[in-house]
Amino acid sequence: MNAIIFSAVWGVVMMSGGAFLKNKNAIRYLAIAGAGLLLAVNILEMYMSSQGNHYLNIDTKRMLVFETFGLLANCIAFASTLLYFLLSSKDIDRAGPNGADYFALIFFVLCGVSLVTSYNNLLMLFIGIEILSIPLYILTGSSKRNLKSNEASLKYFLMGAFSTGIMLLGIAFLYGASKTGSFFLDDIGVGKFPPTPLFIFGLLLMIVSLSFKVSAAPFHFWTPDVYDGSPTVFTSFMATVVKGAAFIAFIRLFGNSFMDAQPKWQLVIAIITAATLFIGNITAVFQQSVKRMLAYSSIAQVGFMLFAILSMKTMAQEGIILYIAAYSLATIGIFAILARMTDHTFEGFNGLAKKQPVLAAVNTVFLLSLAGIPLTAGFFAKYYMLAAAIQTGKYFWLVIFAVLCAAVSVYYYFRVIQAMYFKEGEPHQIEASTGFKAVLVMVAVLIVLLGIFPQWLIDRLYTIFI
Amino acid sequence: MIPVLLIAVPLLSGLAGFFIRNGNSAKNWSLLTSIVIVAVSVFGLTVDKSASSLHFEAEWLPSLGSKFSVALDGMSQILSLLTAVSFPIIFIATYRTDYKNAKNFYALMLLSQAGLMGVFVSVDALLFYFFWELALVPVYFLSSIWGGERRIQATFKFFIYTFVGSLLMLVGIIYLYLHTKNLSFALADFYSLHSFISPQDQGWLFWLFFIAFAIKMPIFPFHTWQPDVYEQSPTAVTMVLSGIMVKMGLFGLMRWLGPVLPQGTWVWGDTASALCIIGMIYASLIAIRQDDLKRLVAYSSIAHISLMCLAVFATTQIGLQGVMIQMFNHGINIIALWIVVDLIERQMGTRKISELGGLAQKAPALAILLVIVALANVALPLTNAFVGEFLMFSGIYTSTATKYNVVFTVTAGISIILSAVYMLNMIQKVFLGGTNALTEKAKDIQWNEKIILGAIVILIVVIGIYPQPVLELTKTTVEGILAKMSYKF
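Here the protein sequences come in this chain order: L and B. With the numbering used here applied, the first sequence covers 1 to 466. With the numbering used here applied, the second sequence covers 1 to 489.
So here's chain L without its partners, still in its complex pose (with noise of 0.2 Å):
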């Protein structure tokens, strides 16, 4: 609850912060000042439910239930919006005139984060993504004088509405299905009755809509074009915070819900998730430009985390959060770099190991950790992914499956790697300073020792104390 009233109301506070504060930096920092609140609100709320006790208790009539899985999620999203800031706040004040602006709009989706992982009702989750949504056909419509941005934004904003309507209409089928008539998610599980072709038709509706919000094919066209066109800030802020909260909502409809209809949708997932990995590996390779890829490896990654949806094990429980975590902050990272560089394609990579010798070496950990190499979060995230799926004991295809694909990926994340240091070139000059070059030292270290000890995150679940 915290989460939600603290990040609308420092929404409110950046916005009237633009019309005060003439200085552009105390508008960064008054925004730095905010995600790092946020964090210290969200953990201390973890912290005082596990006592038992509630400092601000409102009565959401269980409209809303606050869990560590979902308070955790929570975390990461504000986690990696801070070190999103810390590394890009510069970029976000120069994507167009309303720097400050900018900034209200990210907490904004920031509420629609924390509504969508604490969600335990249909109307709060169509509310949620609502309001994650909305802020994002601005922000990535926010180069205002860029024909690819304006096209970018208009393309997201249909495509959303669809999906929100999409949704709409199977919310109301679950609604019709249940014999309570009743929004609640204990309520419209099919355990109670015998699954009905409403029921059924509803599910559907359901994953085609999340699916549309977690880009997973064959709902993902919209994907390339939106990440491309948007400015490169914003990007980074989709294809990680967002996409990551639209999983967590993905996850809390079928572990509460749908888990005793687990047969009738498992095998439309396995396809969906063997589409995704497919079509985003395989897309990824013929790329010329790394925005791009990065765009269609974003796919590729969403096919892993559907591992989890497919198994909805414990341990898929405790894998998404660890592989949101180590794809945030890769992403977040290889993105910030991204951000300062005027050529976006793999030549304008060649030669930087030579030029920049930190930012070449912490976008390896990066990329190593995209493709799922030991001794970064990468491994471990596909490590849950791949053993959660193993575990179900079925479509141990898919598990060989992805394990290909996955090698495929280490062909367009390499190429990357192989610019930098094995090709020769003389790369633009990039603007980094210390602090800049500091925290993204800071990021791949994280990105390490994640890699070594995943389960001083996992830990975190089931208690909060270290």
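Certain hints may be false.
[Unchecked claim] Cross-link-like lysine-lysine pairs, in silico, DSS-like; alpha carbons within 27 Å at most:
1) B:443 - B:352
2) L:354 - B:181
3) L:394 - B:181
4) L:354 - B:157
5) L:313 - B:67
6) L:313 - B:181
7) L:355 - L:90
8) L:90 - L:22
9) L:264 - L:313
10) B:443 - B:49
11) B:157 - L:423
No lab work stands behind these hints, which were simulated from the structure alone.
We have chain L already, so just place chain B on it with the hints.
Chain B alone, transformed into the frame defined by chain L:
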């Protein structure tokens, strides 16, 4: 504590190496480190043989059931000794080579040594997988940065090949892990699995592991990365790859495949053996036709490794003993061959056999040393490889695990004859005959190369005459492996 030191010393020293400013001090620093590691390894081999010092265990991921547990038994002793001994040899032999950014080169070399040591000593499947990959990454960077003209494509192919293999192995490891009673990655728990996993499941699990190991060794249809990478890598890295890294595959077979999945191994052993046989003959025939010295040695290595793999699947005491000793022998012999190739290339600027000739007149010391190494490669009596190959042949011939033991022995014998053909042919064309305009200017080898090649030749002869200590060392390990592998139904 000794296995921990074997990993930690090169790891920490390698990480420190990135911060040494001067290339020459980095070179000396890594040489010093590698000698310290030899000392540690020899210490564990001779002085302190108590179980407590050869075994170490610490909590790592308690809720996953994985521990940081490392141990040295006969097989890992001999392979870690090989790893320890090879690095100073490599550093001294290539002492005169100048690298751009030398500090990074030497630091990555030490990191790869740490990874290799980790593979050989870990007795926890997840830890093993970690080190398996960690040995690969530094080598990838080494070859891609300091390699030859086509280095990027060649090493990339190598990386993707081995990565596919190791991911398949990871799937296998997770599957086995989920079937252990107490969800643990410990080797001992894996060893008790065989009666709980049906022979059908063992069959496909066998392939998940075997493909990973076969790519590393490499065995016939998975070998295509190897000649290119050996040719394109800087010689020091080629030595690591061919001398030590290929042993990871053999080691994996004997530690993580055969004893863990005895029924799968028994069912598919003949198929794998057939691949080995095809590889041996095929690689030997190609080696005869090679004009490039590096590619010749590369193909001859495929043939030799295939023979060792064949002997593993024969599952006999004498054959496995042969593999153990031959893994060490092959390591030092092939490093010696690479040293000679590197010397010739640096002096003459070419590796083409057809452009060389008459080197024996100009460089007699080199010629004598090379002939001994080459004869060892052909497994002539009195050399170390004779002991290993003799044991392996007896093992394959007396094998009861296969019906085709006679066929395998005869075909393997043919490949040894072929190896004599290409090695002697090479000596004849490169060292004998008249000199030409290019080899007229050749000089004999210098002190560091003399010491190293001399030391290797002494090792070759000593092990060839008195192999008993090595055989004693691995005896109990081999008996343990056999006891687990002979469990059939």
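Going through the hints against the structure:
1. Taking the CA atoms of residue 443 of chain B and residue 352 of chain B, the gap is near 18 Å; set against the 27 Å cutoff, the hint holds.
2. With a C-alpha separation of about 51 Å, the suggested pairing of residue 354 of chain L with residue 181 of chain B is violated against the 27 Å cut-off.
3. Between residue 394 of chain L and residue 181 of chain B, the direct Cα distance comes to roughly 20 Å. Compliance with the 27 Å bound is thereby established for this hinted pair.
4. For the suggested pair residue 354 of chain L and residue 157 of chain B, the alpha carbons sit about 25 Å apart, so the restraint of at most 27 Å is met.
5. With a C-alpha separation of about 23 Å, the suggested pairing of residue 313 of chain L with residue 67 of chain B holds against the 27 Å cut-off.
6. Between the alpha carbons of residue 313 of chain L and residue 181 of chain B the distance comes to roughly 18 Å, so the proposed pair stays at or under 27 Å and holds.
7. Taking the CA atoms of residue 355 of chain L and residue 90 of chain L, the gap is near 22 Å; set against the 27 Å cutoff, the hint holds.
8. The suggested pairing of residue 90 of chain L with residue 22 of chain L holds, with an alpha-carbon distance near 15 Å, which does not exceed 27 Å.
9. For the proposed pair residue 264 of chain L and residue 313 of chain L, the alpha carbon gap of about 17 Å is at most 27 Å, so the pair holds.
10. Between residue 443 of chain B and residue 49 of chain B the alpha-carbon distance is near 46 Å, which puts this suggested pair outside the 27 Å criterion.
11. Between residue 157 of chain B and residue 423 of chain L the alpha-carbon distance is near 17 Å, which keeps this suggested pair within the 27 Å criterion.
In summary, the structure is inconsistent with hints 2 and 10 from the numbered list given earlier, while agreeing with the others.
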